[in-house]
Each structure stands twice: as structure tokens, then as C-alpha cells.
Amino acid sequence: MISIGYDLGAAYSKVVVLKDEKVIGKGIAKTTLEPMESVIEARKAALENAKIDEGQVERVGVTGSGRNLIVKSDVSATDVTADAAGVNHINKEIKTVIDVGGEEARAVKVSEDGKAINSAVNDKCAAGAGAFCEAMARAMQVSIGEFAEYSLKSTQRIAINAQCAIFAESEVVSLVAEETPRQDICRAVHDGISERLTSMAKRIGIEGKVGLIGGAALNKGLVESIKDDLGTEVTVLPDPQYVSALGVALMAANA
Amino acid sequence: MAQQEQKEVEYWRWDEGNWKDPDKDWKDAKVISAGVDVGSVSSQAVIMTDGELFAYANTRSGYNSRWSAENVMKWALEAVPGMKLEDIHYIVGTGYGRVRVPFAHRAITEIACHGRGANFMYGPSVRTVMDMGGQDLKAISVDEKGKVLNFIMNEKCAAGTGRGMEVMADLLKVPIGKVGELSLQIEKEPPPVSTTCVVFAKTEALGLLKSGWSVPMVLAAYCSAMAHRIYSQVKTVDIQKEFVITGGSAKNLGIVKRLERELGFEIYKGTTIDTQLAGGIGGALFGKALYEKSLKK
Amino acid sequence: MEQKYKTAPLRCWNKAKDIRMNIYQEIAEAKEKGKLLIGGGAESLIAIPSGFEHAMLVGEPYGAAIAYVYRENPELYMQIVEAAEHAGYPRDLCAYMRDYLGSLLLNKYIFGGPFPHLDFCLQAGFCDTHSKWYQIVSEIEKIPYFSLDLVPFDWEIAGESEKTKQLKRDYIVSQIHEAIEWMEKTSGRTFDDEKFIQGVMNECDSTSVWAKICIANRAIPAPLDEKTILSLYVLAVIGRPRQDVADFYKECLAEVEERVANEIAACPYETARIITDSQPPWFALDFFRLFESYGVVSVGAHYSFALSGGWEYDPVEKTWNAARTPRERGIEIKTRDDAAKVLADWWLSTGTVCRGVRHSGAGKIQRIMDMVDKWHVDGVVLHLNRGCEGTSMGQMEIMQALQKRGTPVMTFEGNHADPREYDEQRTFARIQSFMETMDLKQIYEFKKEK
Amino acid sequence: MIKDFVDIYQNRHAYAKEWKRKHPDSKVVGYMCSYLPEELFYAAGLLPVRILGSHEPQNVTEPYVFGMYCPFSRDVLAQGLQGRYDYIDAVATAYPCMHLGQAFDSWTIHVTQKYFYVDMPNRVQTPYAFPFLAGRLEETKREIEEWIGKEISASDLKTAIEVYNENRSLLRQIYELRKAEDVPLTGTECMHITTANLFMDKKDANKLLKDTIEKELSGRKAKTADDSRLMIVGSENDDIKFLEMVERFSAVIVNDDHCTGSRYFWNNVEMENGAIESIARRYLARPVCPQRDYPERLRLPHLLQMAKDWGAQGIIFLQQKFCDPHELDKVAILNFFKEQGIPTLYLELDVTVPLGQFRIRVEALLEQLREDDIW
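Protein chains in written order, with this note's numbering: chain Z, 1 to 255; chain L, 1 to 297; chain S, 1 to 450; chain A, 1 to 375.
Treat the hints with care, since some could be wrong.
Stated by the list, open to error - Straight-line distance between alpha carbons at most 25 Å, and here's what the computed SDA-like set of lysine to any residue pairs gives:
no.	chain 1	residue 1	chain 2	residue 2
1	Z	K115	S	D378
2	S	K17	S	K31
3	A	K338	S	I143
4	Z	K202	Z	T180
5	Z	K202	A	L52
6	L	K235	A	I360
7	L	K173	Z	S111
8	S	K227	S	D439
9	S	K212	S	N321
10	S	K227	S	K31
11	S	K441	Z	S111
12	A	K308	A	E176
Claimed, not checked - Far from chain Z, by Cβ distances over 12 Å, these chain A residues were calculated:
no.	residue
13	K3
14	K17
15	Q58
16	N59
17	V60
18	W147
19	I148
20	E176
21	L177
22	D204
23	K207
24	G219
25	N268
26	V353
In short, the hints are calculated from the structure, not lab data.
Quick reminder that beta carbons are idealized off the backbone N, C-alpha and C, glycines included.
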């Protein structure tokens, strides 16, 4: 059984190809002004990576805010359900998942059998999403990578008080003006985002192991802040940005 | 990810540069004063001779205010052969980095400086000054001397600021200077975007393009949303004519025209001076006054 | 999939609509008809002015009506809500109040014409906003203002002492007398005790019968869905002391019981039942229809049950029944003072909205759990209402309690009277996830009503 | 001495624990609103301590409190959830406002089961509020007696009232000193005193206050006549960091209208025949919190009088983000001072203050006040 899963988010399109519940191909592409462009590019990459052609795909699953772009599918599910299915397949011990996408962040409680029991989503403000980091990195004139590295070197804690990505820049600027060490500012930004993420998780109640998925899970600085906030171990799942796509591919296979 | 972005063309970048009045010689001046406006997005250094505009530089702020201040001042001086920093009698620092201008004699808020600067640029009839800066919106009501009577600033949300427009320009691959006119090249005014939150507006803009909107339409929708937000902000101070705009976004006709529609009257545009210089000019004028005061003592 | 149950439109629905429009018409014409026109809030013991020929513009439902305008005329709505913001009232304040103030400041009556000029405001404060709301209104309108202080009973499980209860009764009774004398002085009109007594009796009848209607909705299939309930409960909110309203509810109860007897369902596909809490986003009730496309019917809300209902606690069964009216208890009301005492006690002991605002803890949780059991509820939807922090009291605690108990619960942030703070796309997405977590499949495609 | 108050402000819990060690057979009651008649509890030999936030970012309250409720109420609840007040034996409040009410309800569910709740009337302007409150206080007295298992005697009450009255008078004295041209203590120092006082046994506090007035404040000059004189008005505020920032400029805060400041102690209990009645009258007559200021607006003349008597040139309106009662008074107050020609600045407080964004607003206000200087 070969199934394909699409996770069409606001910032990226992610595609996963499964053969008998094993990942055989992955593809990712940045969303552009031309909607289908990134979908096609990501699918192409995934199929090439899986070394199969489209004809061999038996089942199709779609999730993500852009899921209506794919007209014909066997399963269409919200990110919450796809997250739960994907996480549970990779690591059964994880009962609470935090998914940090480009503009959306969510926390999902997962049942024994990989169903979503409960979930919370970040509200209308983008603070607490990946885009926040990008804006901050830009204000600091460093790359996302360096941004995370700096934050790990931080020695003192400061609180950044701003709920808005762009406006937090001015807090950052005034911190810089006060000649606060760069690494502490980076840490403060990560703490700020982490605070919002963990708040969400706490609203639905944290149980079992905590897993982290979504592109921002690759940001070591953020992961560190989240660990501190929760005071527990946090597992970053392999290929975190593909977990939703994997989940919905699974659901398609079992549909 | 961010690295990739940096390779791409930076559409948000506006022209930087420096200028000197060819017909003036600073050696004839009794008082040479300067205002250095270090903002969160851009920095300006303005040099005035006996209270008249003489030279300036305008550049992007670095993340370290001190460097930005030194850098922009250096640039302004480069425009003036032979002038050295020490030749300037009094320097006022203003803007976010005002306390970090190493060579400034005094720091004064951009609120006071924009009030004073607008008074110089547009004349004593100015009553309301709207500073549309990089991350702040400031509505300032002033008297005939340009003295601040009351002011309001946006809290905790940068929606409707110049910085947001830069992100839009970047997203739609339109040079920032062209955004305004392009947004006016439409048959019919589209409904404004529902959110001016920079991050969400991005998604919304993408959505609109997907549903077949043209780039000018999207820009129009974003400009009118920004204009509306700006209007709601100024509405809380009592708006009086003449109403002028300072700061970078004043150059964006797409916003200005739509703001006029909301206000129901024309925004006063009687100046030839670059609106981004208002803060620096105000600073330089305070510098002159403070220097003369110090002589009297 | 064919329908599980037969369904039929509610016969008395149009009558409800007419009574509502009449009331707003009477308000518009009050002046030329020589009646007093009074402004105030829904929980303001609106039976008190019954002793006068009067009409009352009740603030909350009027705010809701303004929010509803957003559907047909978003521009007009924006003008109104922004008028209040431009006057300096922050956006996180009570959305009903902001809509109301905007309409007043623009002098636009949402049902046409200028904002009707009020003779005075008579208001009762039970949340942080109400007494200030009408203070601001009377300052803008330069009219007299009287505000009662309503200190509600605590929930029964708190075991409040009889002496404290008596103090609260006395406090309200003396304020009712104070209010009546004040109104006579301010208006120069004489107060008719007979009419007042009738108003109080009607108030008790209307609210007691409404509770019976809610109880009838325990039946499976549910004879009423929440969207319908919301268009019925509003009559009590704006006119419970009126004869026509009291009579209407008796008629309505009869029809609902008839529906129960004949298994006539509100939702022909009923497979699961939910309740909600706090006011819904009035301008976007479509989300109830999205639920129905999954065979999910909302059978009510603590909010609509409590605001219009008179409930009596049964300490033995630890549950709430329809309160017995003074008539049913054989209490005779002869004088103004009798009526004041009955009204005060009725409000204190049978109303559960205000006590939920002052004491949100264990008591409100107990009430919600009771509803979950008695109305056979499979899931609870909590509207985290940015527009009304009073009805949002205790909601997060309720969510925790439901999770402990294993009852599926969904929250969504929104605003009952400010569309700018309600994101329909995201709310629909959350509902879909919620349905997926409840393992429910969509039965038919949902189309948004125009 | 001031530094002792600073020390108690910073180590409030150490103080209470020490007090408990010294009074082994007595109890501590944490309370949430300045309308709580502390005299009743003090008369019973209990120590009432105000529960305030710690101004640290936190999210332990997230599961229990709706996001629209004010940062202060969340910060207060957070203290309980984090076990900082683990030494209190009961929690108490007079009806505060919805947000703090939520913090109280959640506190009784998750932190301290034993509670006292006083139905403080809102309509303090009606004569019928008095018999209600007096009766309610009799009940509270009875509840306390049942809890501690002994009667509160008339003389206990009398002493408690005397101690609290003395405390109020001493604080009032300190505020009187702030009328001077060269203010003997900064607003920051004063806030340390008034706030620390909320955590203290008033007998200790009174001693310390006397010493400070006699030994430290006489002849002291903390600020000079050139500094701009400001008054702060608004909701709960013990935001030392903000005051420090303001007073780092050439400015001094000379008075306030906050429930942790002047509203707490402005008026004494006037002893009449009955102690309980006298207490009830005091709480009905005290400077009001906005949601109790109707139908008449009694705050406006009171604030103006304070501004005049203390020579405040400008007013900073400091309000907890999302605080409805204060937002409902905001328009009236700002317009009122505009008519009076006194410049105002309106700021929203959060758990931590965005100093970067506030500094410029404060500086601009001060520039506005300094006629002669740059203009």
C-alpha cells in the first residue's frame, strides 16, 4: 500500500510518501504567490525521493490550511488530527504535542490509539509562531541559525514585554540601545515565544511525554526555552516539519 | 531560511543618501547645530546653519544605535568638505537611540522634535503632526511655536506602521517607493484587508492573490486598511488643521490619499523638505536654541 | 442518509418575532404615546417600572441587535462601534456597551430614526460594567440616573447563612422602594401599585415557564435547538413582566411538550448533543448549523437557560427545577411592599446568571455538570467571550472540571457583539477538529446561510 | 527606616513566616482587596497580609483564567499556585471586581480551601448600604469566631481600630511631608513603605513608621524644587521598576490614587457607639474605587483636590491592562483634567513593564511640563 500525505501550510507545503506505513519519500517547498506551484514542487521532490511515479500512489490524504487546493483525496483532516496520528506512529509515549508552524501554533493531547483528545490553537496574534523568530532575527541582523546559537549562550534572563512580532522589534532595539548582550536578547525572545506556547499546552493539561513538531522545532534556542518553561524533557521528533503530512498519509492508508 | 531571504533582492530598501546646500558656506554661520535622529528603522543626521537647513544624511539603522549614530553623522559630514564634528556647536540626539548618540550634548524625544521640525517645515499654521515612523504611530497636537500640547502613541501592536509596509513590499516584490502609486492604479477601491497585523496580513495577501487579485488591488486593500487604522489612532486626539504627516510613510501616496478620504479634508503638503528629516531638523533647531541659551549664561 | 426523526417548524416562532418587534416599536413611539421611556439593563429587575405607562430600552439585547446589523450592513456597524472607540472607550470593554454607546453618540437608532430620548436610566449593577454603563449614558444624555446595587446569593453548596440571605433581601427591597419614590419624584407621575403587582406576577410566571420549556428540551430527540431557543428566550430578557410575554411562554410550553410527545426533533439527524456557555457571537450563529451537519444539536446554554429562567435548587437531589411561582406557593401579593419582597426574593433565589458572575467557582461548575447529566450532553462548547467578561467567569475552571470528568470540551475565543474579534474560518476549523476528536462524521455538506 | 521597608517588601514571605514563628497559636489570613475590613481579623489576633503579584512572567494560571482578565489578577493567583503563600491559613476578600474575583474563586479551588467572603456593596452612595454592610460584618465576625473558636471582645475590636487608625494617620503624615518643595522621599521610596505596610503587623509597622518619620525624614531632601511634580492615578500598582524609571529623570511622584497607596489609608474609623457600625461607615466613606463611584462621580473632586494640595503639575494614569472599572472611568477622568489644564499620560500596566516603550512617553510628558527649558 502506497499513500501520499500533503500538509499545505501558510508558509510551506510538505509532502510525505508512505509504503506500508514506512516513509519512503519526503518533499518540501516554500509557498509562493502561485498557489499550486509549491504543492507541485513538493510532490515532485517527494516522489523522486521515493523513486516512484504518481501512478503508483493508491491513497491520498490532505491537511493544513490550504488543503482545499487538492480536490481529490481519500482523507481530508484538520492539522490537529493529523498531528496526533503522525506523532503516535513515531513515538507512542508522547501524549502532548506542541506544533509550531510558520504562523499557527497548536498544542494537541494524544490518546493511546493516536486520536486527538483535545487541542488549543494560538489566537489572532502571530506571537508564539515561527514567523516571530524570523522577524526578531531580522531585527538582530542575524540568521535564524545564529539566532538560536546566541540564545544558548545566554547568562541572564530578561523579559520582553510585547505581544506583537514587529513591535517586539522595538523592545529588542531598545534592549540593544541599552547594550544588553546579544545572547541574552535572543534568549529573551525565545522565552517570550516559549511562554505563549507552553501556556497553550497548559490550557489542555500536560500529560505523558511532551513532543515538539513543526519547522520551529529545529530551533535549538526555542527548544531550550520550552524545556525550562515546562520543567520536563521535551522530545523533538525526527523531521519535525513532516509529522502532519506523515499523519494524514497514514490515515489515508488506513481509510 | 533567513539566509535565503538575504540573497533575494531587498524590495523594502528605500533610497539612502546625503545632501548639502550648494549655495551656503558654513564658515559664515554664527551657530552650527545638528540633530541626529536614530530611529528603529532609519537614522538621519541634519546639520543647520543659523537655523537653516544646510546638510543631511539619511540611512538605514544598524542594530546598534551608537554605530548608526556615528555612521549617519559621518555620512552627513562627508557631504560638507572641510567640516569636522567639532565645528558643530551643539548636537541633539533624538529617536529610539537618542541616549546612545555619543557626541550629542543633549537627548530630546522625537515627539518634541517632530513637533518642532514640522513647525519649521510647514510653518506655524500646523496644529496636528502625524509621525508615521518605522514602528510607531505618533499623533501630536502642537501650538503655533510647534510646542507639544498633547500626543498619543500606538501601544503593543505595530499594525499600520512603515515596517509593515516594508514586509508587504518584500512579499509582493514591489520596490517600497513604488507601493503608493501602484496601489492607486486600480479601477475600483477593493475592501480593506481584515487585519493589519504584519504577519497575518502576509497570509491574507497570499490568499487574495490566490483568489485572482492583482498586486495593485492587494496593495490598495492593505493601504486602506493601514490608513483606516491610522485614522482610528489620530481620532483620539482632537484633530485640527493644518494636519501634516512626517516620517517615511508620508511619502506613500497610497496611504496619504486614503487617509485624506477618512479625514474628510486635505492633508497639508506645503514643504519641499524630505519628511523623514522632521525629527533631525527639530533636534537641530533645539540645538541652536540651547546653544544660544548657554552663551547667555 | 435519511432522517432519523421527523421535524417541523415551530408554530409560535412568528408570534415571538412579532412580540419582539412590537416591543421595539413601542419604544420608538413611546414619546408620542405619552409613555415614559426608560433605559437600563436586562437584569435590572425590569418589573420595577411596571407601575408606570412606560417602555424600556433594554441595553444588552439592543447591543446584540446592533451586532447583528453587521450581517446586512457592515459599514454601518463599523461606524457605530468605532464612534465609541473614538470617544476613548477601549476595545476590551463590554461589547454590548460599546455598540450601545456608539449608536447613542451617532444618534442612530438601529431600528430606524434617531436614538430615542430616554426620560431617565434605571439600572441594577451586578457586574463591573452595568452601573458605569448607564452612568455614562445619563451623562451623555444629561438625564437622571438611578442604579440599584444587586448583591446576589452565593450558590447553595456554599451554605450561605440565612441571616446573610435576609440582609441581601432587605437591601434590595429597600432599594426597590427607594427607586419607586425616586421615579415618582423625577417623572412627576404617580406609580400604580396594582400594575406593579401584576408586573411582578408576570415576571415570576414568564421565568418559571421558561425554565419548564428548557426542561422539556431534555427529551431525545430535542424539540428545540439552541438557535431557536435564542430567538425565544429574548422575549423574557426584554419583556418578562408583560402580560403578552407571560401568555406567550405558556403557549410555547404547550407546543414544545406536544413536540416531545410526537418525537418531533429540531435536528432530524440528532446523534450527539452539546450545550454552550456565554452568549454566542450574535452575528454568526451559522456555527450551530455546522454542528448540525455532523448530527450534533445544541440543546441549550447556561446563559440562555439562566438569564430568562427561574430555577429552584433541590437540596436533596442536588439539582435545579423550575421555580414554583408565588401563586403556586399560595403567596398572596396585596401591597407594593409585598410585591417588592417577592421580586427581591425571586431574583435572588431563582436567578443563576448573576451569582455566576460574583461566585464562579464550585457552584457554577456544579450547575454545568448538572446540565450535562440532565440534558444528556455528549460535549460542551465554551465561548471564551472577549465581549462579556461577566459570563466568561469560571469558564476555564469549568473546562478543567469537564476534562477531569472525561466530557469532551471545546473552547473558542470570540466576541458576542464585536465581529472584529471573531474569526469564523478558524472557529470552523476548530469545530471540525472537535468533531474529529468526538469521532463524528459529517452527514451532509454545510452551506453558510446568506 | 526606609531600607527596612524595602527589605520587607522584597522578603514579604520571610516576614510573615517569622511572625507566625513568634505567634505559634495564631493564624495568617491572605486577602485580595483593600475593601476587606482588616480590623475584624486583627481583633481576632490574626495577621491579615495582602496578596500581591511578583511581577515575573508566568503561565501557571493559564489553565484556570481567561486571557482577557487583568495581569494583576493572574499574577496574584500565580503566587498561590506557586506555593509562595503556603503559610496562610485562610484566604479572604471583600467583593473586589470580576477579575480579582476569578483569582479568588480559583484560589479557593486550588490553593486554600478555607475562605472568608465579604459582600461589600458597590452602591456606597445609598443610605441602605450601611445597614447591609454592618449586618454583613456582624456575620463575618461570627464566622471568624467560629473558625478560631473564641469570641472577639469589644475591647479587642477597640484596640484593633486604634492600631489601624494610628497606622493610617502615620502614613497620612508621610504623605503630608510630600507636599514640601524639596520632597523628603521619592515616590519609589514611598511606594516601598506603603506596600510593605500591607504585609506587616500594624503594631510593628507603626513603630517603624514613627522611627522613619522622626529619625530619617525630618530635614531630608530626596528631590528638589526643580523636579517636575507628578501624581499617579489608577488601579493596583506596586510597579517599583516603573517609578524608578520615572524618577531617574528630573521628576518626583508626590501623591497617588491607588488601592495599594492612598486609597488604603486615607480615612480613619470614626468611633461611634458600635465598633462594627463604625468600621462599616469607614469603608463606605473611604476614597472609592471606580466601580463604586456612581451615580455621583466623587473621584473627580477628590483627585483634583489632591493634585492641587500636593502641587502636581502632571498626572500619569496607570491602569492594569484589561481593567474594566478603570477603563470605564478613564474617559471622564482624562477629560476632566484636560478641562483643568493639567497634562495627563495614560499607560497600561502589565506584569512586566515595557520600559523601552514607556520611557519616551514619560520623557515627552516631562518635556511638556518644562515650559522654560527647550521652548
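Restraint check for K308 of chain A with E176 of chain A, where alpha carbons must lie at most 25 Å apart: Distance ~13 Å between K308 of chain A and E176 of chain A Cα, so the pair holds.
Pair hint K115 of chain Z and D378 of chain S, alpha-carbon separation not exceeding 25 Å: 17 Å, holds
Hinted pair K212 of chain S and N321 of chain S, Cα distance within 25 Å: Holds, because 8 Å separates the two Cα atoms, which is no more than 25 Å.
Hint consistency between K338 of chain A and I143 of chain S [alpha-carbon to alpha-carbon, up to 25 Å]: Roughly 24 Å between the alpha carbons, so the hint for K338 of chain A and I143 of chain S holds.
Hint consistency between K173 of chain L and S111 of chain Z [alpha-carbon to alpha-carbon, up to 25 Å]: At roughly 45 Å apart (the allowed maximum being 25 Å), S111 of chain Z and K173 of chain L break the hint.
Given as non-interface: V60 of chain A, which should sit over 12 Å from chain Z by C-beta: V60 of chain A is in fact no farther than 12 Å from some Cβ atom of chain Z, at 7 Å.
E176 of chain A and chain Z, when compared Cβ to Cβ, separated by more than 12 Å: 36 Å, holds
12 Å cut-off, C-beta based - N268 of chain A kept clear of every residue in chain Z: Per Cβ check, N268 of chain A is outside 12 Å of chain Z; nearest 39 Å; holds.
Distal placement of L177 of chain A relative to chain Z, Cβ over 12 Å: Its Cβ never comes within 12 Å of chain Z, the nearest being 34 Å, so this holds.
Satisfaction of hint between L52 of chain A and K202 of chain Z, Cα-Cα up to 25 Å: Measuring from Cα to Cα gives roughly 23 Å; hence the hint holds.
Verdict on V353 of chain A as a residue remote from chain Z, using beta-carbon distances over 12 Å: Violated, because the least Cβ-Cβ distance between V353 of chain A and chain Z comes to about 7 Å, which does not exceed 12 Å.
Pairwise hint evaluation, I360 of chain A against K235 of chain L, where the allowed Cα distance is 25 Å at most: 21 Å, holds
Figure legend: structure checked against the earlier numbered hints; hints not met, in rising order: 4, 7, 10, 15, 16, 17, 26.
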